[in-house]
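Novice: Below, each chain spelled out in residue letters.
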Amino acid sequence: DTAVSQTPKYLVTQMGNDKSIKCEQNLGHDTMYWYKQDSKKFLKIMFSYNNKELIINETVPNRFSPKSPDKAHLNLHINSLELGDSAVYFCASSLGQGGGETQYFGPGTRLLVL
Amino acid sequence: AQSVTQPDIHITVSEGASLELRCNYSYGATPYLFWYVQSPGQGLQLLLKYFSGDTLVQGIKGFEAEFKRSQSSFNLRKPSVHWSDAAEYFCAVGPFNDYKLSFGAGTTVTVRA
Numbered sequence: 566d567t568a569v570s571q572t573p574k575y576l577v578t579q580m581g582n583d584k585s586i587k588c589e590q591n592l593g594h595d596t597m598y599w600y601k602q603d604s605k606k607f608l609k610i611m612f613s614y615n616n617k618e619l620i621i622n623e624t625v626p627n628r629f630s631p632k633s634p635d636k637a638h639l640n641l642h643i644n645s646l647e648l649g650d651s652a653v654y655f656c657a658s659s660l661g662q663g664g665g666e667t668q669y670f671g672p673g674t675r676l677l678v679l
Numbered sequence: 066a067q068s069v070t071q072p073d074i075h076i077t078v079s080e081g082a083s084l085e086l087r088c089n090y091s092y093g094a095t096p097y098l099f100w101y102v103q104s105p106g107q108g109l110q111l112l113l114k115y116f117s118g119d120t121l122v123q124g125i126k127g128f129e130a131e132f133k134r135s136q137s138s139f140n141l142r143k144p145s146v147h148w149s150d151a152a153e154y155f156c157a158v159g160p161f162n163d164y165k166l167s168f169g170a171g172t173t174v175t176v177r178a
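Protein chains in written order, with our numbering: chain A, 566 to 679; chain B, 66 to 178.
If we strip away everything but chain B, and leave its shape as in the complex, we get (with noise of 0.2 Å):
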């Protein structure tokens, strides 16, 4: 079975700083991976997702990840965070031939001014 890793729980950044929200996974093959953004008090909105092909993908809101087969982790990063990106962050792993998502733990992200 997968399982998903975000070992930070809480992650207070100035604003104009960057940002990078770690995430392992695990699991027998390579997986599809997908980070979503929570913002206070609203659902699940997808940042970026990988499948195959070029290992550092390109999201929306300046966010990009990088897949690293041999450390298994799909990092988040974005290098100037601004006041808005405060909101809960989920690392989601699904296999290629399931559509059952499985979850981490998320990483709350605050942003000071």
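Looking at chain A on its own, in the form it has when it is part of the complex (with noise of 0.2 Å):
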């Protein structure tokens, strides 16, 4: 059984679309996140959910919004996709929200926008 799984693993758009990336974990964790990984392979957090609660929301443009209907999903909407939006995005969850938490990671989407 996959522990975090994303859909799509590959979405191709033109700029300007709007897309949604899914996230799914089944390890009962309380927190989930999303990460961009961009084409140097720097992951940066985008966004921590707690429990159906947005808790982190780094420096990401408000076209970005992700929404967790429950613990175990944690959606990505994003709305007029520009060029730099080509990335991969992982999701991830955790256990709780303390401190050298594991961090489990999805297979991530690979975003191309043209």
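Worth flagging that the hints you see were computed from the coordinates, not collected in a lab. Don't take each hint at face value.
Lysine-lysine pairs mimicking DSS-like chemistry, simulated, CA-CA at most 30 Å apart [said to hold, decoys possible]:
(1) B:133 to A:609
(2) A:584 to B:133
(3) B:114 to B:165
Nothing here was measured: the structure is a model prediction, and the numbers come from that model.
Got two chains here, each in a separate frame; can you build the complex from them with the hints?
Specialist: And the structure:
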């Protein structure tokens, strides 16, 4: 069974479109995250939710809007896609909020904006 | 704020040879330290982590890492590399009271036959 799953795995779209990426974890974790990995493989946290509540919102354009319908799901919706949004987006989850919690990552969604 | 430096962008090693990946961190106290591996086209997998106690930490796939407070380092080692170890390796640091991880830029490991 996949612990953290993301759909779709690949996403190719035109500039200006709106798209969503879905994430689900079956680990029973309370905390979920979205990361962006750029072309240089640098990983940066975007958002974090704990029990459906937003707890981290880094400096991310408001075109990005996370939604957590329940604590097992954290979706990412992106409006008006731009070329610079091309990246790999990783979802992750951890048991709790404490420092040192191991984060479990999904396989990533490779987004290409043309 | 914490930060992580991985000085080596790319390392090539022969199969069967030893491997050492460097990681230096900057933080006001002892943080939590992690090593993750990303195989091509895959997500990140935890290799090992350090919280406290024994400074030599054993992980999965035959990896180990040593925490050296005096050098602010957490280097990853493997005595004998397999071709399947070719991947991207990330060091990460997280403060004890915050789950927000900071990742290094990664080291790409190539294994030659």
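Novice: Hint by hint, say whether it matches the structure.
Specialist: Hints, one by one, checked against the model:
{"no.": "1", "hint": "B:133 to A:609", "result": "holds (26 Å)"}
{"no.": "2", "hint": "A:584 to B:133", "result": "violated (45 Å)"}
{"no.": "3", "hint": "B:114 to B:165", "result": "holds (15 Å)"}
Of the hints listed earlier, the one the structure fails to meet is number 2.
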